[in-house]
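Colleague: Listed here are the chains, written in short residue letters.
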Amino acid sequence: MRHLEKLESQSVYILREAYAHFKSLVMLWSIGKDSTVLLWLARKAFFGHVPFPLVHIDTAYKIPEMIEYRDRLALEFGLNMIVGQNKQALAEKRTFPDGNLDRLACCKTLKTEALVNTLAGKWTRERLNHKTGKYEPDTSTEPYTGVIVGARSDEEGSRSKERYFSPRDKRSDWAVGDQPPELWNQFKTDFAPGTHIRIHPLLDWTELDIWEYIGQENIPITSLYFDRGKGERYRSLGCYPCTTPVKSTAKNVQEIIAELKTGKFANIAERAGRAQDKEDGGGLETLRREGYM
Amino acid sequence: MTNAQEKMNIVIVGHVDHGKSTVIGRLLSDTGSLPQGKLEQVKLDCERNAKPFEYAFLLDALKDEREQGITIDTARCFFKSAKREYIIIDAPGHIEFLKNMISGAARAEAALLIIDAKEGIQENSKRHGYLLSMLGIRQVAVCVNKMDLVDYSQKTFEHIQKNYTEFLAQIGLKPKFFVPIAAFKGENMIHPAESMKWYEGPSILGVLDGFEKAPSVEKRPFRMPVQAVYKFTEQHDERRIVAGRVESGAIAVGDSVVFLPSHKRSEIKTIEGFQAAARTAVSAGYSTGFTLKEQIYINRGEIMCKAADILPLVSTLLKVKIFWMGKSPMVLEKEYKLKLGTAKVPVTLKAIHKVMDASELRKTEKKMIERHDVAECTLECAWPVAFDLTGDIEATGRFVIVDQYDIAGGGIVMEMVEDQQSSVREQVALREEKWDASMIGADERQNRYGHGPKLVLLTGPVGVDKKSIAKQVEKSLFDQGLKTYFLGIGNLLRGIDADIDRHKKSRREHVRRLGEVGNLFMDAGLIVLATASNLDDDELRLLQEILRRESMLIVNVGTNHFREGAIDLQLDEKASVAENVLKTLALIQS
Numbered sequence: 001m002r003h004l005e006k007l008e009s010q011s012v013y014i015l016r017e018a019y020a021h022f023k024s025l026v027m028l029w030s031i032g033k034d035s036t037v038l039l040w041l042a043r044k045a046f047f048g049h050v051p052f053p054l055v056h057i058d059t060a061y062k063i064p065e066m067i068e069y070r071d072r073l074a075l076e077f078g079l080n081m082i083v084g085q086n087k088q089a090l091a092e093k094r095t096f097p098d099g100n101l102d103r104l105a106c107c108k109t110l111k112t113e114a115l116v117n118t119l120a121g122k123w124t125r126e127r128l129n130h131k132t133g134k135y136e137p138d139t140s141t142e143p144y145t146g147v148i149v150g151a152r153s154d155e156e157g158s159r160s161k162e163r164y165f166s167p168r169d170k171r172s173d174w175a176v177g178d179q180p181p182e183l184w185n186q187f188k189t190d191f192a193p194g195t196h197i198r199i200h201p202l203l204d205w206t207e208l209d210i211w212e213y214i215g216q217e218n219i220p221i222t223s224l225y226f227d228r229g230k231g232e233r234y235r236s237l238g239c240y241p242c243t244t245p246v247k248s249t250a251k252n253v254q255e256i257i258a259e260l261k262t263g264k265f266a267n268i269a270e271r272a273g274r275a276q277d278k279e280d281g282g283g284l285e286t287l288r289r290e291g292y293m
Numbered sequence: 001m002t003n004a005q006e007k008m009n010i011v012i013v014g015h016v017d018h019g020k021s022t023v024i025g026r027l028l029s030d031t032g033s034l035p036q037g038k039l040e041q042v043k044l045d046c047e048r049n050a051k052p053f054e055y056a057f058l059l060d061a062l063k064d065e066r067e068q069g070i071t072i073d074t075a076r077c078f079f080k081s082a083k084r085e086y087i088i089i090d091a092p093g094h095i096e097f098l099k100n101m102i103s104g105a106a107r108a109e110a111a112l113l114i115i116d117a118k119e120g121i122q123e124n125s126k127r128h129g130y131l132l133s134m135l136g137i138r139q140v141a142v143c144v145n146k147m148d149l150v151d152y153s154q155k156t157f158e159h160i161q162k163n164y165t166e167f168l169a170q171i172g173l174k175p176k177f178f179v180p181i182a183a184f185k186g187e188n189m190i191h192p193a194e195s196m197k198w199y200e201g202p203s204i205l206g207v208l209d210g211f212e213k214a215p216s217v218e219k220r221p222f223r224m225p226v227q228a229v230y231k232f233t234e235q236h237d238e239r240r241i242v243a244g245r246v247e248s249g250a251i252a253v254g255d256s257v258v259f260l261p262s263h264k265r266s267e268i269k270t271i272e273g274f275q276a277a278a279r280t281a282v283s284a285g286y287s288t289g290f291t292l293k294e295q296i297y298i299n300r301g302e303i304m305c306k307a308a309d310i311l312p313l314v315s316t317l318l319k320v321k322i323f324w325m326g327k328s329p330m331v332l333e334k335e336y337k338l339k340l341g342t343a344k345v346p347v348t349l350k351a352i353h354k355v356m357d358a359s360e361l362r363k364t365e366k367k368m369i370e371r372h373d374v375a376e377c378t379l380e381c382a383w384p385v386a387f388d389l390t391g392d393i394e395a396t397g398r399f400v401i402v403d404q405y406d407i408a409g410g411g412i413v414m415e416m417v418e419d420q421q422s423s424v425r426e427q428v429a430l431r432e433e434k435w436d437a438s439m440i441g442a443d444e445r446q447n448r449y450g451h452g453p454k455l456v457l458l459t460g461p462v463g464v465d466k467k468s469i470a471k472q473v474e475k476s477l478f479d480q481g482l483k484t485y486f487l488g489i490g491n492l493l494r495g496i497d498a499d500i501d502r503h504k505k506s507r508r509e510h511v512r513r514l515g516e517v518g519n520l521f522m523d524a525g526l527i528v529l530a531t532a533s534n535l536d537d538d539e540l541r542l543l544q545e546i547l548r549r550e551s552m553l554i555v556n557v558g559t560n561h562f563r564e565g566a567i568d569l570q571l572d573e574k575a576s577v578a579e580n581v582l583k584t585l586a587l588i589q590s
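Protein chains in written order, with our numbering: chain A, 1 to 293; chain B, 1 to 590.
It is worth saying that the hints were derived from the structure and are not from the lab.
Any given hint might turn out to be false.
To be verified - Residues of chain A placed beyond 10 Å of chain B at every Cβ, according to the derived structure:
id, residue
1, Glu17
2, Lys62
3, Leu75
4, Trp123
5, Arg163
6, Pro180
7, Ala192
8, Lys230
9, Pro245
Claimed, not checked - For lysine-lysine, the following DSS-like pairs were computed, each having C-alpha atoms within a straight-line distance of at most 30 Å:
id, chain 1, residue 1, chain 2, residue 2
10, A, Lys6, B, Lys219
11, B, Lys434, B, Lys306
12, B, Lys231, A, Lys6
13, A, Lys23, B, Lys162
14, B, Lys583, A, Lys44
15, B, Lys334, A, Lys23
16, A, Lys261, B, Lys269
17, B, Lys471, A, Lys6
18, B, Lys334, B, Lys475
19, B, Lys231, A, Lys134
20, B, Lys174, B, Lys43
21, B, Lys80, A, Lys6
22, A, Lys251, A, Lys230
23, A, Lys131, A, Lys87
24, B, Lys319, A, Lys44
25, A, Lys6, B, Lys269
26, A, Lys23, B, Lys213
27, B, Lys319, B, Lys367
28, B, Lys7, A, Lys23
29, A, Lys6, B, Lys583
30, B, Lys185, A, Lys44
31, B, Lys162, B, Lys213
32, B, Lys367, A, Lys44
Computed from a predicted model, the values in this text were never measured in an experiment.
Here a beta-carbon is modelled for each residue, glycine too, at the ideal position from N, C-alpha and C.
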């Protein structure tokens, strides 16, 4: 088996295990390349179908093309698409772009809080109606007990301590030091009431693996990742006030791969363009303990 | 870095302070895998702070850097040789982190076990050795480190080699190499050491490059634990796909298959995939899916096998080796869950044969298996499981034990123990092998009837009215348009059972016949209501061999003598028939 075949097989196995064990299962789709690969792997696992909802947390500051791309793919793939948002914070202008919060606090408010409450079913979820192409309030408020996430262990420190199936307690807390063991592809699939499990099918993938797989499978990803004539492209996607494009002339997947392997990004971390990571040393680990992806 | 290059996951284990970090740091620096200037920078920092340089500081510095997201190269500790790329899996040496050590080591293909030449064999040297053996890591090299502290003494090295070889032999592990090293000085790490000319073997990197990728299991018997049977009817997909990952062997379209423990048989019709080239054969390692020629009822947890291969064993009793990581000890009589392949079965610890403190390997007469203990014991499953011995096929010869919500133990299967059901199991296997199937598939029947078959068996003490409930339930289901039948036990006794007496000794045969008749009615697609007084756990086990466990519902009326979890519904004999009927209906339709 080739390297990408092994990665694909393991991810598919994990996705099927998740689907077998969690009645209330959901997959997070950030519209970025990783979770789009994850979406593709779900279609592999379930032979063209995606038998659980996809959740996107819309901070209202996403690059507009991301939203267009999301809805286009959702309609094309027949996805059960759910969108959550911190409407109150946006109405009260409790955000970084409004000048009322620092970057990390803004992430916490628009992403973490929105995510935790959307998953728990406490805040209104908007569901895509495939007939009208519009979003409507979802009638179900059932909490999701299994959450599939596209985290990779090479992204940054805290993620290398993750398991494939990682428990979170009632407050979405993550006990980094005391996780149950995981061996021989037997995962933690039993959980106490009120807790939930994060599932990480992409844990073993690197940024390069992701791009090579996108190339191999011809996965449709948003064109924001490519240079469209301005000599810049996004390497990692987020909210536009906090994400800056990198200087690059890579116009397609092959050129991105070349750039990662030998070019100027061979030694620079992927999230280097994400401003919130730099605000404090342990920023992301703190956010992740609180439920950030 | 090219993905075409071979990668190997290795784990480095050993007692605390025996030099794991030094070995890692040295491997990284001597293979030129560190970011430029990093080593010099850390050495300079140490000098400034007037503390002696240690490779652990280098690893810490890399970790800090990783956490700040500065380099991606070190995100996973890896280094390259001319032959391949190595990924070092983080495996903490401290006993408190044994769960993490095991999670990491379980994914490794090879291991380096470090022993301090001066301190000699310590507790975790032994414990880690034992665990590597249980985790199935066969490629182990023992590094006797800090040879510089014992004046590069060949005698010291050989003494450790002899003692540790003897210890490992007791647990069936034979290390491929013993290498004397002085990791801090880089002696015998990449190149042979001038200081130890008496040692003629390879250096550490030579040892690693000498390890082989796991031998291919393609030629072994075919095994695929079934993850699920998918049918996405709502998406207008009529395929019924048996999905799983091939753990060993290979299979092709047209091959006859048998599912264990149910012994159901069919033939591979197609191999399914999404956005992938069409396949007519598939082998170990691939997550895949199949459609079958004859539609049969099978479920997650069964092992799909090739009918022509040597088949797995089936029993409720397994002799195993277990290591325990749970906070509370594993005790007799308590119900746990066993997960093997994709099967998940309630299990109890039936007998402990030996408990060994993993570091000492002493046989003790303990009555429980405590945290960090290793034990040989017999497990009893609530219903039969299919498995292989770990020496034959690893993937289906190992399991974990779940206590409450967490994985608390891991183990390997050493032997099958025959249980009381082995003769009836053989008979059922033959029945399924020779089953003369009708042209109407089980799924066609289910589609037509709008429900699957079920056997609802009401039991309880003699004198408790079970029949009224059964008959009322039948009537109610019938009125809803379901295909159902009340199977009167008396009708069996005076009919099909007329040739055997009604003595207690013949009970087992009566139960067996009840099961077989029930099986025929279920094959006809019906919901069967039957009653039988005073059934016990053994008789339920017998029925579970004859019938598909998941389509059997056990309802007990009155005093309950069954083991925990054996029945699906408990009814109060004093409650009204109407009330009990409602509860039974709710169970059937849940």
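Colleague: Hints broken by the structure, by number, lowest first?
Modeller: 1, 5, 6, 7, 13, 14, 16, 17, 18, 20, 24, 26, 28, 29, 30, 32
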